[in-house]
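Q: Could you put together the complete structure from these sequences and hints?
Protein chains: 2
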Amino acid sequence: MATIDKKMKMMTLDQMKDKDIGKVGTPERDKYEFDLRMEVLGDMIKSVRKERNLTQEQLGELIGVQKSQISKLERNTKNVTIETILKVFSALKANVRFSVEMNESEFKVV
Amino acid sequence: MATIDKKMKMMTLDQMKDKDIGKVGTPERDKYEFDLRMEVLGDMIKSVRKERNLTQEQLGELIGVQKSQISKLERNTKNVTIETILKVFSALKANVRFSVEMNESEFKVV
DNA sequence: ATAAATGTTTCCATATAACTCAACTTATTG
DNA sequence: CAATAAGTTGAGTTATATGGAAACATTTAT
Numbered sequence: 145m146a147t148i149d150k151k152m153k154m155m156t157l158d159q160m161k162d163k164d165i166g167k168v169g170t171p172e173r174d175k176y177e178f179d180l181r182m183e184v185l186g187d188m189i190k191s192v193r194k195e196r197n198l199t200q201e202q203l204g205e206l207i208g209v210q211k212s213q214i215s216k217l218e219r220n221t222k223n224v225t226i227e228t229i230l231k232v233f234s235a236l237k238a239n240v241r242f243s244v245e246m247n248e249s250e251f252k253v254v
Numbered sequence: 145m146a147t148i149d150k151k152m153k154m155m156t157l158d159q160m161k162d163k164d165i166g167k168v169g170t171p172e173r174d175k176y177e178f179d180l181r182m183e184v185l186g187d188m189i190k191s192v193r194k195e196r197n198l199t200q201e202q203l204g205e206l207i208g209v210q211k212s213q214i215s216k217l218e219r220n221t222k223n224v225t226i227e228t229i230l231k232v233f234s235a236l237k238a239n240v241r242f243s244v245e246m247n248e249s250e251f252k253v254v
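In order, the protein sequences belong to chains Z and S. Residue numbering for the first sequence is 145 to 254, as defined by our numbering. Residue numbering for the second sequence is 145 to 254, as defined by our numbering.
These aren't lab readings, by the way, just hints derived from the structure by calculation. Be aware that one or more of the hints could be misleading.
Below, in silico cross-link-like pairs of lysine-lysine (DSBU-like), each with a Cα-Cα straight-line distance of 35 Å or less [stated by the list, open to error]:
id, chain 1, residue 1, chain 2, residue 2
1, S, 231, Z, 194
2, Z, 222, S, 194
3, S, 216, Z, 222
4, Z, 211, S, 216
5, Z, 216, S, 222
6, Z, 231, S, 194
7, Z, 237, S, 237
8, S, 194, Z, 211
9, Z, 216, Z, 237
10, S, 194, Z, 194
11, Z, 231, S, 231
12, Z, 222, S, 231
13, Z, 211, S, 222
14, S, 211, S, 231
15, Z, 194, S, 211
16, S, 222, Z, 231
17, Z, 237, Z, 211
18, S, 231, Z, 216
19, S, 211, Z, 216
A: Structure representation (structure tokens):
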């Protein structure tokens with residue numbers, strides 16, 4: 145099992161919100177990663193969309209859906225499927241990563 | 145934006161398969177992370193389940209579904225929802241992480 | 001203050017994910 | 001090699017995610 149080092153820029157949700165609200169002129173955002181909990185998925189979409197300077201309607205056009213659909217996704221009104229997630233972030237030219245971490249100790253068969 | 149260092153043990157899919165097939169006695173597996181592409185989700189479930197020494201039926205019981213359902217999830221027959229992913233890995237006491245990485249340069253509005 | 005743009009909500013249809021049950025196949029093991 | 005256990009498959013049901021249309025609300029200009 146290989147052990148690697150990964151250096152990444154992380155953003156908290158608060159920082160994300162800061163971005164959404166203001167600070168549009170931030171320059172050095174060439175590449176970074178969000179670390180995300182599932183509940184925040186909608187915020188992630190919104191955040192990346194804003195980063196791309198797109199309206200919901202424009203993002204919708206890229207994917208082929210109405211703006212209302214984007215709104216719903218961003219507001220977590222539904223329990224999204226993987227396909228949808230990929231579709232959206234792919235349109236936003238963002239790479240999606242999914243990781244699973246298990247710690248042996250915790251587990252106990254009931 | 146904070147920059148942090150994260151050291152993690154990574155596993156390739158091949159290594160995962162090695163584990164599934166043989167090598168059950170591997171000891172120091174206290175904590176590690178899988179790096180995963182969406183298409184491999186089913187393999188991830190299977191891999192973690194085996195790690196926990198559970199049958200599909202047992203995992204099913206933990207979640208409250210039939211073994212056939214687990215089989216289908218592991219074999220990627222459906223386009224799974226987030227809720228399902230979380231339900232499964234939560235039963236397996238595994239932490240799920242989701243991350244989005246965007247690189248500014250690539251994007252061009254069509 | 002009004003208009004235009006952007007985002008939200010509701011109502012609705014349709015596709016499909018989640019699931020069961022039962023029959024089947026493929027390992028395991030006594 | 002039988003049994004038994006473990007996993008797979010198919011048919012059918014139910015719940016719900018996806019999506020459109022249009023009306024509504026909110027924000028951003030002018």
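Q: Take the hints in turn and mark each one as holding or not.
A: Consistency of the hints with the structure:
no.	hint	verdict
1	S/231 - Z/194	holds, 31 Å
2	Z/222 - S/194	holds, 31 Å
3	S/216 - Z/222	holds, 22 Å
4	Z/211 - S/216	holds, 33 Å
5	Z/216 - S/222	holds, 22 Å
6	Z/231 - S/194	holds, 31 Å
7	Z/237 - S/237	holds, 32 Å
8	S/194 - Z/211	violated, 43 Å
9	Z/216 - Z/237	holds, 20 Å
10	S/194 - Z/194	violated, 41 Å
11	Z/231 - S/231	holds, 23 Å
12	Z/222 - S/231	holds, 16 Å
13	Z/211 - S/222	holds, 26 Å
14	S/211 - S/231	holds, 15 Å
15	Z/194 - S/211	violated, 43 Å
16	S/222 - Z/231	holds, 16 Å
17	Z/237 - Z/211	holds, 18 Å
18	S/231 - Z/216	holds, 22 Å
19	S/211 - Z/216	holds, 33 Å
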